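Count along the sequence shown from 1, add 1, and you get the number used in the working numbering.
Do not rely on the hints blindly, as some may be mistaken.
Pairwise CB distance ranges (calculated) [as the list claims (entries may be wrong)]:
| id | residue 1 | residue 2 | range |
| --- | --- | --- | --- |
| 1 | 51 | 22 | 33 to 41 Å |
| 2 | 23 | 69 | 36 to 44 Å |
| 3 | 38 | 4 | 35 to 43 Å |
| 4 | 40 | 6 | 23 to 31 Å |
| 5 | 15 | 73 | 32 to 40 Å |
| 6 | 49 | 14 | 17 to 25 Å |
| 7 | 4 | 34 | 40 to 48 Å |
| 8 | 29 | 63 | 47 to 55 Å |
FYI, nobody ran anything at the bench for these hints, they're computed from the structure. Remember, predicted model here, so these are calculated numbers, not experimental data. Even for Gly, the Cβ is constructed at its ideal location relative to N, Cα and C.
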Amino acid sequence: MMGMWFLASGYGQYVAGLLGKGMSVPGTDATAMEKLLAFTSGYKQLAIYALIAGVALLLLAPVVRRLMGNIK
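Could you build the full structure based on these sequences and the hints that come with them?
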């Protein structure tokens with residue numbers, strides 16, 4: 002179980018690195034404002050995806066409860 006914990010932590014950090022790399026501005030000649038705008042828009046997009054996923058899960062919750070029957 003401890004190995005799974007470390008594996009999940011490692012995969013989470015890897016995905017976070019991929020997200021950060023995808024949000025960064027390529028090139029060393031980018032200004033600080035360009036970098037700030039790139040990261041801001043990247044995190045905005047990430048927040049929108051999280052909100053959409055949260056709403057979808059809230060909409061699916063009654064269906065899952067109904068499928069569970071009398072299990073608590």
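Here is how each hint holds up against the structure:
no.: 1; hint: 51 to 22: 33 to 41 Å; result: 19 Å, violated
no.: 2; hint: 23 to 69: 36 to 44 Å; result: 37 Å, holds
no.: 3; hint: 38 to 4: 35 to 43 Å; result: 41 Å, holds
no.: 4; hint: 40 to 6: 23 to 31 Å; result: 29 Å, holds
no.: 5; hint: 15 to 73: 32 to 40 Å; result: 37 Å, holds
no.: 6; hint: 49 to 14: 17 to 25 Å; result: 23 Å, holds
no.: 7; hint: 4 to 34: 40 to 48 Å; result: 44 Å, holds
no.: 8; hint: 29 to 63: 47 to 55 Å; result: 52 Å, holds
Of the hints listed earlier, the one the structure fails to meet is number 1.
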